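Please work from the sequences and hints to get the whole structure.
There are 2 protein chains.
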Amino acid sequence: MFSAVPIDRVFIDDQFWAPRLETNRRVTIPMIYERCQESGRIDALRLHWKEGQPNKPHVFWESDVAKWMEAAAYSLRTKPDAELEARLEELISLLTKAQQPDGYLNAYYTVVEPGRRWTNLRDKHELYCAGHLIEAAVAHFEATGQRSFLNVMCRYADYVAAVFGRGTGQKRGYCGHPEIELALVRLFRATGESRYLKMAEYFINERGAKPHYFDEEAIARGEDPAKYWAKTHAYTQSHAPVREQNRAVGHAVRALYLYCGMMDVARETGDKSLLEACGRLWESVYQKQLYVTGGIGPSRENEGFTHDYDLPNDTAYAETCAAIASVFWNHRLLQWRCDSRFGDEMERALYNGVLSGVSMEGDTFFYVNPLEMHAEEVKPDDPYLKAHRMEWFGCACCPPNIARLLASLGQYIYSEGERDVAVHLYVQSHADCRVAGRHVRIRQESEYPWKGRIRITVEAQSGVEFCLRLRIPGWARSRDVAVNGKPTNGNLENGYLALRRKWERGDTVDLILPMPIERVRAHPNVRADFGRVALQRGPVVYCVESIDVGVPVSSLVLPRQSEFLAVYEKQLFGGTTTIRGEAAHATDGDWERELYRADAHALAPVPFKAVPYPVWGNRSATEMAVWLRES
Amino acid sequence: MFSAVPIDRVFIDDQFWAPRLETNRRVTIPMIYERCQESGRIDALRLHWKEGQPNKPHVFWESDVAKWMEAAAYSLRTKPDAELEARLEELISLLTKAQQPDGYLNAYYTVVEPGRRWTNLRDKHELYCAGHLIEAAVAHFEATGQRSFLNVMCRYADYVAAVFGRGTGQKRGYCGHPEIELALVRLFRATGESRYLKMAEYFINERGAKPHYFDEEAIARGEDPAKYWAKTHAYTQSHAPVREQNRAVGHAVRALYLYCGMMDVARETGDKSLLEACGRLWESVYQKQLYVTGGIGPSRENEGFTHDYDLPNDTAYAETCAAIASVFWNHRLLQWRCDSRFGDEMERALYNGVLSGVSMEGDTFFYVNPLEMHAEEVKPDDPYLKAHRMEWFGCACCPPNIARLLASLGQYIYSEGERDVAVHLYVQSHADCRVAGRHVRIRQESEYPWKGRIRITVEAQSGVEFCLRLRIPGWARSRDVAVNGKPTNGNLENGYLALRRKWERGDTVDLILPMPIERVRAHPNVRADFGRVALQRGPVVYCVESIDVGVPVSSLVLPRQSEFLAVYEKQLFGGTTTIRGEAAHATDGDWERELYRADAHALAPVPFKAVPYPVWGNRSATEMAVWLRES
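Chains as they are written, first to last, in numbering that gives the first Met the number 0: chain C, 0 to 630; chain R, 0 to 630.
Keep in mind that a hint or two might mislead.
Put simply, identical chains are the same to the list, so a pair is met inside one copy or across any two.
Stated by the list, open to error - Lysine-lysine pairs mimicking BS3-like chemistry, simulated, CA-CA at most 25 Å apart:
#, residue 1, residue 2
1, K271, K287
2, K450, K485
3, K209, K170
4, K230, K385
If you are wondering where the hints come from, they were derived from the structure by calculation, not from laboratory data.
Predicted, not measured: the structure shown is a model, and the values here were computed from it.
The following block contains the structure:
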């Protein structure tokens, strides 16, 4: 068992992430606050809204504010900021006043539909909002040591615990959008109060029980459950008890938040059947339903999963929040078992499908992350699928989600255990770890993800015996390892190089992970990618933007024998490694008026350039493709 | 200028079509009558329906009955059938009684929404239904010489002419679903009454005028025109006056029915600007928006056109009715100019995207004709996209449409002009033509589409001088022609071999069109087909069904050098030429738990077989693909 080294003990100073985190602090977090203010999300907490006024509160508005508060708390924990703190405290004061005498706290059901609390757990996000507020309160407590917000949320949680459960007069409900489960475990960890863990267990265990709560609740509302708009309880992962679920189904963010809650409960209770369910669901997601960018959930219809290997590129939904949830879940799995399968997926999502969600400037966002984009496919009335990032969304879950993830990035890099320190991500930084009852500083130097040379320096006060675990990424075909300059093979345990020794101050480990440009193929059942390759170098997946090649990206062909070069471009987004070479493209010059004919396409050479997927759409390009035809 | 040789002067006795036409007569036409009866479409004409009763009449039900009546009339014209005649006469009697004192005839607005006539021309199909009834009445008149039905429809048309027009007190409307235009020209030709032609001209010319009739009509209904569900008047091709239209847009069947009406009016009036518009629209459809199967209209959202070269295969809508409309339009173009471009498209649609619409047994139908089908993509609640043909549809336009087309197939084969006889389709048959004031019988022998050897025998009473025009299909790379056994080159005029001479009884023309198996490529802008080939032999496009290859069709690869053989299989659907050979497929045996990796796919050889696209889905197969990856 491992624990993440928390953000206040990790100091990132690399060239890749540090500028993004600074942008997050200086641009993203303030602008999300402004958007929340403009859109009425903050005023809603004053409970002054009346019918006929603008900015009618929405059932999930608190979750946006809560995620912003969580991001702000992380930011304050690593860097004091008086203005940010004042804003956060003002929100806490609003929430404190908005809390009802019985502990209930939700603007929508207080001012828009008073008296209708808990009448539609399936669709209305009340407990989901409560979960995000709890996460924010715990983050605030951890950042400041103050219990003001935490106490508010404990009162709310206690009220929720009185309403829901298997006791007489209690509702046997649970939330249509999981989140409260993982939040309650977090609250348990922060307060030590086991009733919150019990509550999380109840929500996990009750899910999918028969008779189905959402059906009974619909009948109570006077609705026909058969006319459920989402058509299936798989949408909310309540089609079956969680321990009987073998396939990841339904809304992707809901699914992965639920799996996070399952892992959290399993970790605290040691429940093997929950762990086994998580294992099966992990295989379903990562072996059958994952985009190469770490995107999850191909369909916009249910914002989620469809059938195995169904991974269309141009219509990929791959919501930013789902990739973020993938980081959350794999991070939890890593604390349970230090296995590179989980670290690899955390890395894949972070460097690709998560980071694509926010612009280099930090002020615009993708909600949907397709792997192919053609200008004419963008429908002007589609609020989410755009060739360019947007400042805000009606459903604005993604911007504050990415803000809180980036503001807490430090915690994803290292884990500590009884006699172990694990390095999951290669980010130049240092971490103050606690291992074998001692403080050990681990310093990491690297130019990752552009270079695969990593130096770890152990700065222990004196000889401390522990196992230093370094993730050997799945994409690495070989490795060179030296301890204090002396080559060693080391043991590979679950994909981590395990270096057990008595570490002395100044001991170094040099890890070299060669980063050739790889042509990645998808499983042949992935129809969308058959006959195509994606280019990957290290953890970074590349894409082609039409601005760089001057021909339609869909007409490109990569000859099997053509060679590519990685070029570090200092001027591009403050330093980015691109892939250069020569490709071919099908010319249409001689086709003119024919749509079909029996002659093969004429191919002409074309200079080729690919850029990292996470930076796409930051220039004026409108066409993009990750998967390219190979000839 | 040419005229089609009508169905009562053409006698088909080939091996390919004759059995299908017999099935149409014996199975399809009777079963559509039964479906119309069961579903209440016939009872609706009795005008007995009252609120609360089942089978509430629908606004376009008359069109289904009318198309059935038209099919029945064609069938009676070529083969008497007392029972069929009795059913047809009973329907005529019902319609006669259903006609209102002022001539109006529509069950929905008589019993469901009385007093609301002509309040929603945009959506409600009243004039569309009138058009189909007129077509049926003309077909009945031509089949029987009786004016009973024709008179009913003339009364209705006269009433329509009083309601609509530019005169004082008239409505300046037109129908959201074109059909009345072509029907009125047909009525003009049958009756000689030029007021019907004038009326057709009015509907064509008024379309798209500003202020927009559909907007004004919506306002009159108390609706906000900006909230039009289809979002754009392009859906009904009324976004601009027809002479200003350059791209085919909107609902595909509506578009092509309109273009038919435009051609009909242009032919009668010699209006050059209409002809020019038709020419531009033809190029838009056939050079930019056509499936290789003759399917038209890729999107289910508008049942129609999207943007140029957008031709996805698995989500192709390609409604059977749109391919049928393509036959109608090209047939009209052919009478105006004997050009193989039009004959080729008529042939492509007929042998592929039209014929796929009905099962070999004649009792089930496709509404949607995708070029790729995977079992898991069929959604159980999608009423139209199925891996197998259906007995009927809620919107049942396709079954009676294909029935009326097949029942009148004879008229598409030959045209006659002042001094010309043209052969558009190679179907073993004979036709009694009128040319140069004389009767000439043209006899055609062939095993088309399986063999490209055609013998034409001219059976004139004595020497008649005329030009025999034989279409040289666009797919033919070469040809051999002999007149009375003597090789000749002949002149090619607009793609037709023009043989001018004084023909004597027994003169023969032998035409040989070699039919190698061709690998067809799509224009490189068609992203869905890039890197893929379709197999075509003669006019027939082939597809692979999983039942024949034993591996997922999407894993197939056709090596560039692999050779294929055409094999005539006597047992398959009563005789079908299939394509055999060897292909490769990507094996998934060694992939097991990986979704992405850097190694190329392992390919294994697999016996290959492709069947004609029109017969797909007639066995137990669920997977199908037209476009196959080439390596």
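Status of the hints after comparison with the structure:
{"no.": "1", "hint": "K271 - K287", "in the structure": "within (24 Å within a copy, 59 Å between copies)"}
{"no.": "2", "hint": "K450 - K485", "in the structure": "within (21 Å within a copy, 77 Å between copies)"}
{"no.": "3", "hint": "K209 - K170", "in the structure": "within (14 Å within a copy, 60 Å between copies)"}
{"no.": "4", "hint": "K230 - K385", "in the structure": "between (28 Å within a copy, 19 Å between copies)"}
Taken one by one, the earlier hints all hold for this structure without exception.
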